[in-house]
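Residue numbers (the working numbering), protein chains in the order written: chain A, 1 to 249; chain B, 250 to 504.
Honestly, the hints are just simulated from the structure, not real lab data. Predicted model, so just to flag it, every value in this text is computed and none were measured. Here a beta-carbon is modelled for each residue, glycine too, at the ideal position from N, C-alpha and C.
These stretches of chain A come out as covered by chain B in the derived footprint (C-beta under 8 angstroms, 3 or more residues):
1) 40–53
2) 78–89
3) 105–117
Using C-beta positions, here's what the derived DEER-type ranges look like:
4) A:H135 x B:I445: 17 to 23 angstroms
5) B:A429 x A:R237: 33 to 39 angstroms
6) B:L450 x A:N28: 43 to 49 angstroms
7) B:S470 x A:E119: 18 to 24 angstroms
8) B:T472 x A:P2: 28 to 34 angstroms
9) A:R26 x B:I445: 44 to 50 angstroms
Given next are the chains, with one letter for each unit.
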Amino acid sequence: MPVLETQNLTHIFPDGTAAIQDISLRINAGEFIVIAGANGSGKTVFIRHLNGLLVPTSGRVLIDGEPIGKNITAARQKIGLIFQDSDSQIVGQTVAEDVAFGPENLNLPREEVERIVPEALAAVGLSDLAAQSPHTLSGGQKRKLAVAGILAMRPEIIIFDEPFTGLDYPGVVQVLRQIVQLHQAGHTIVVITHELEKVLAHADRLAIFCRGRLAENGAPENIVIRAENYGIRLPLRHGGTVGELTWLR
Amino acid sequence: MAPVTFFHCIPRDTLLHRMDARLKLLCLVLLSVAVSFAVAPAHYLAALCAVMAALFTAELPLPALLKDMKIFGVIIAIVLVVDAFSIPGPPIPNFPVPGVSLPGVVTGLRFAGRLTIIIMACAVMTGTTSLLTFKNVVEWYLRPVPFIPEARVAMMINLTFVFIPLIFDQYVEMMSAQKARCADLRKNPIRRISFIVLPLLSRTLRRTDEIVYAMEARCYSETRTRPRFKTHPADWLILAAAAAALVFILYYPCA
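Just chain A, same shape as in the assembly (with noise of 0.2 angstroms):
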């Protein structure tokens, strides 16, 4: 069973524009996957569904074979959704406390909110910058954070949305190697990009957004060849392969 399914997903503005149209996908436990589309292909639009963010027009969203709406709670809890711009997800005035809002929202004991802050920064390398403004860190280290205080909440599932996106080659280099990690310590990850060179090396599966339909899915070496046909830079070059386009030494 998927840890994660869409079925007909589709939304549709108040003004008639359709964002998405019919996208059913399933995404399983431990499953590396990244979506990609070029601008206004609705997959940031299709991301916000899989947390409960946005209410689709027809469709629906399962986890675990439930429908989200059953315990949106539950289903925040399960898939930290990370947004593109970092800044607008930091609502602490220190990087400890920016953690520490998950684990409060849950209203967990104080004693445990204590232990896990510690925790989560140490996961992501943070913890010397705990009583930091987050405001003064590097973008490479803004989504660092981001990913600190959702591995605070425990979740199963991490969906980045544009996590490259003005970050220089040392920034990529870091959240890249994050993600990685976080798949490799058993996390579901769902990366949002049309920087397939950047991550698709890591990736077990790709599937591409057109004018909101999902258009390609499948393995990233049978796909990615079409990806110009949508809009999205083919990352290889002749008779290289997905494998060769890590960006991790």
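For this one, chain A is given, so just place chain B on it according to the hints.
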């Protein structure tokens, strides 16, 4: 933003930094009430001694604080001048400016003294208390007040302090972008302001939407883990000292 020492927490390991912030806020209220009743020089001296003792105990940088006091100096000077000219009474003998009354100057000086002491007491409070703790204290005091959602109010305070620097950064970025396109050559100030205000408002509202989604994604709830406060015996002694200052000012003869 310009580095301002006032109203910024300066981390130190002192008695006042460790003090239970609920009692610290209560001390500030008591001292402010006491100062507002101050009339005789002895009253002012007692309050000033209390604030200076707090400043030194907290190891706050006095020269930097006094430098930042300039901002309030302007307000104090305006009040002093207004009082000096508007309160009727006999003029000061041989004073070169006509129309300045002696009771006006005395009242203005008293007000200036009160305001200075209160501002310095506030500086001690904010200089020794992090915004997070301050937010928790506000939430704690609001909890028994009916019809006020204390968690929501506290979160609003928190978000305000988190987002003011971001909005300011955005403003600076927009100003630079507009200057790069020679917007400063426009003569009409209203047009110039509208070029900044409207996009800034639009971006701020979009960011507000994003933050709402981000908070929802992290299970935002008003039934949250409550903050924990620790009260030490010394905290009660400090509170007693503030109460003693109030009693002294209320009952010590004015003349």
